[in-house]
Amino acid sequence: SQQGEEDPQALSIQEGENATMNCSYKTSINNLQWYRQNSGRGLVHLILIRSNEREKHSGRLRVTLDTSKKSSSLLITASRAADTASYFCATDARETSGSRLTFGEGTQLTVNP
Amino acid sequence: DGGITQSPKYLFRKEGQNVTLSCEQNLNHDAMYWYRQDPGQGLRLIYYSQIVNDFQKGDIAEGYSVSREKKESFPLTVTSAQKNPTAFYLCASTQGNGYTFGSGTRLTVV
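For the record, the sequence lines run as chains A and B.
Position one of the first sequence corresponds to residue 36 (this note's numbering), numbered consecutively onward.
Position one of the second sequence corresponds to residue 76 (this note's numbering), numbered consecutively onward.
No lab work stands behind these hints: they were computed from the structure.
Among the hints, a few may not be true.
Stated by the list, open to error - Per label pair, the in silico range of CB-to-CB distance:
{"hint": "1", "chain 1": "B", "residue 1": "Glu-137", "chain 2": "A", "residue 2": "Ser-74", "range": "25 to 31 angstroms"}
{"hint": "2", "chain 1": "B", "residue 1": "Pro-114", "chain 2": "A", "residue 2": "Ala-117", "range": "21 to 27 angstroms"}
{"hint": "3", "chain 1": "B", "residue 1": "Pro-114", "chain 2": "A", "residue 2": "Thr-55", "range": "22 to 28 angstroms"}
{"hint": "4", "chain 1": "B", "residue 1": "Gln-170", "chain 2": "A", "residue 2": "Glu-40", "range": "26 to 32 angstroms"}
{"hint": "5", "chain 1": "B", "residue 1": "Asn-101", "chain 2": "A", "residue 2": "Asn-147", "range": "34 to 40 angstroms"}
{"hint": "6", "chain 1": "A", "residue 1": "Thr-145", "chain 2": "B", "residue 2": "Gln-116", "range": "35 to 41 angstroms"}
{"hint": "7", "chain 1": "A", "residue 1": "Asn-147", "chain 2": "B", "residue 2": "Gln-116", "range": "22 to 28 angstroms"}
{"hint": "8", "chain 1": "A", "residue 1": "Pro-43", "chain 2": "B", "residue 2": "Thr-183", "range": "26 to 32 angstroms"}
{"hint": "9", "chain 1": "B", "residue 1": "Asp-105", "chain 2": "A", "residue 2": "Glu-50", "range": "30 to 36 angstroms"}
{"hint": "10", "chain 1": "B", "residue 1": "Asn-93", "chain 2": "A", "residue 2": "Glu-90", "range": "32 to 38 angstroms"}
{"hint": "11", "chain 1": "A", "residue 1": "Glu-90", "chain 2": "B", "residue 2": "Gly-91", "range": "28 to 34 angstroms"}
{"hint": "12", "chain 1": "A", "residue 1": "Ala-45", "chain 2": "B", "residue 2": "Gly-77", "range": "32 to 38 angstroms"}
{"hint": "13", "chain 1": "B", "residue 1": "Thr-183", "chain 2": "A", "residue 2": "Ala-117", "range": "44 to 50 angstroms"}
{"hint": "14", "chain 1": "B", "residue 1": "Ser-82", "chain 2": "A", "residue 2": "Gly-133", "range": "23 to 29 angstroms"}
What the hints assert, rightly or not - Listed next, the stretches of chain B that the computed footprint assigns to chain A, with coverage defined by at least 3 CB atoms under 8 angstroms from CB atoms of chain A:
{"hint": "15", "stretch": "119-133"}
{"hint": "16", "stretch": "143-156"}
Backbone N, C-alpha and C fix where the C-beta goes; we use that ideal spot for every residue, glycine too.
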């Protein structure tokens, strides 16, 4: 079952603008992670935010987590054409059988030069 | 460099055949995972293994089988019981802080 839902499904912006992607989920989580996927490639881990954290930064990335609303957002500042990719949120509910990530369907980001 | 190697990159299967996708990691990670991705979709979990000689079904395990005889290796067999196997298959591993993914195997039924 797909736990996370990203919004929007697709986003097109100009280079230099900021891009914001949102993720909602349904059950309690231990952490939430964001990944990037270039077309036809594997996923690359961007950032992990734990359930007791509210905001995290990594370079041009800023992630927020609101556990009361079961939602997260990923902000990419000063976007570049090279940021063009699909971005996925994934939730780790850490079941008794161990860690397992459940992915949303992703946001396709296009940054126009 | 440490990482995950998936092979082959492209695989063609005839109807009724079983095929095995390879996944090898040299990261010394305990946990390994297999995901399936269909065009324009997110990833769905097929099987996962937290430790050698143990594995659990994910959300879409029917028609697939796995083994975990070595820590480094987690092969996935797509059996003839899987009715719609054409997809992009991704292997991943973790030691707790984010997953490392392989570059994927694209399987096509011909």
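Outcome of the hint check:
1. At about 29 angstroms, the CB distance of Glu-137(B) to Ser-74(A) agrees with the hint of 25 to 31 angstroms.
2. For Pro-114(B) and Ala-117(A), the hinted distance range of 21 to 27 angstroms is satisfied, since their beta carbons lie about 23 angstroms from each other.
3. Restraint check, Pro-114(B) to Thr-55(A): a C-beta distance of roughly 25 angstroms satisfies the suggested window 22 to 28 angstroms.
4. As the Cβ distance of Gln-170(B) to Glu-40(A) is approximately 28 angstroms, the hint placing it in 26 to 32 angstroms holds.
5. At roughly 39 angstroms, the beta-carbon separation of Asn-101(B) and Asn-147(A) lies within the given 34 to 40 angstroms, and the hint holds.
6. The hinted range of 35 to 41 angstroms is not satisfied by Thr-145(A) and Gln-116(B), whose Cβ atoms lie roughly 18 angstroms apart.
7. Between Asn-147(A) and Gln-116(B), the C-beta spacing of about 25 angstroms keeps the proposed range 22 to 28 angstroms intact.
8. For the hinted restraint 26 to 32 angstroms between Pro-43(A) and Thr-183(B), the CB-CB distance of approximately 30 angstroms keeps it satisfied.
9. Taken as a hint, the range 30 to 36 angstroms is violated for the pair Asp-105(B) and Glu-50(A), whose Cβ atoms sit roughly 41 angstroms apart.
10. Checked against the hint of 32 to 38 angstroms, the C-beta distance between Asn-93(B) and Glu-90(A) comes to roughly 48 angstroms, which is inconsistent with it.
11. The supplied range of 28 to 34 angstroms is broken by Glu-90(A) and Gly-91(B), whose beta-carbon atoms lie about 53 angstroms from each other.
12. A hinted range of 32 to 38 angstroms for the beta carbons of Ala-45(A) and Gly-77(B) is consistent with their spacing of about 34 angstroms.
13. Separated by about 30 angstroms at the C-beta atoms, Thr-183(B) and Ala-117(A) break the suggested range of 44 to 50 angstroms.
14. At about 26 angstroms, the CB distance of Ser-82(B) to Gly-133(A) agrees with the hint of 23 to 29 angstroms.
15. Only residues whose C-beta sits within less than 8 angstroms of a C-beta in chain A count toward coverage, and the stretch 119-133 of chain B has 6 of them, enough to reach three; the restraint holds.
16. Check on the stretch 143-156 of chain B: 0 of its residues sit with their Cβ under 8 angstroms from a Cβ of chain A, so the three-residue criterion for coverage is violated.
Hints 6, 9, 10, 11, 13 and 16 from the earlier list are contradicted by this structure; the remaining hints agree with it.
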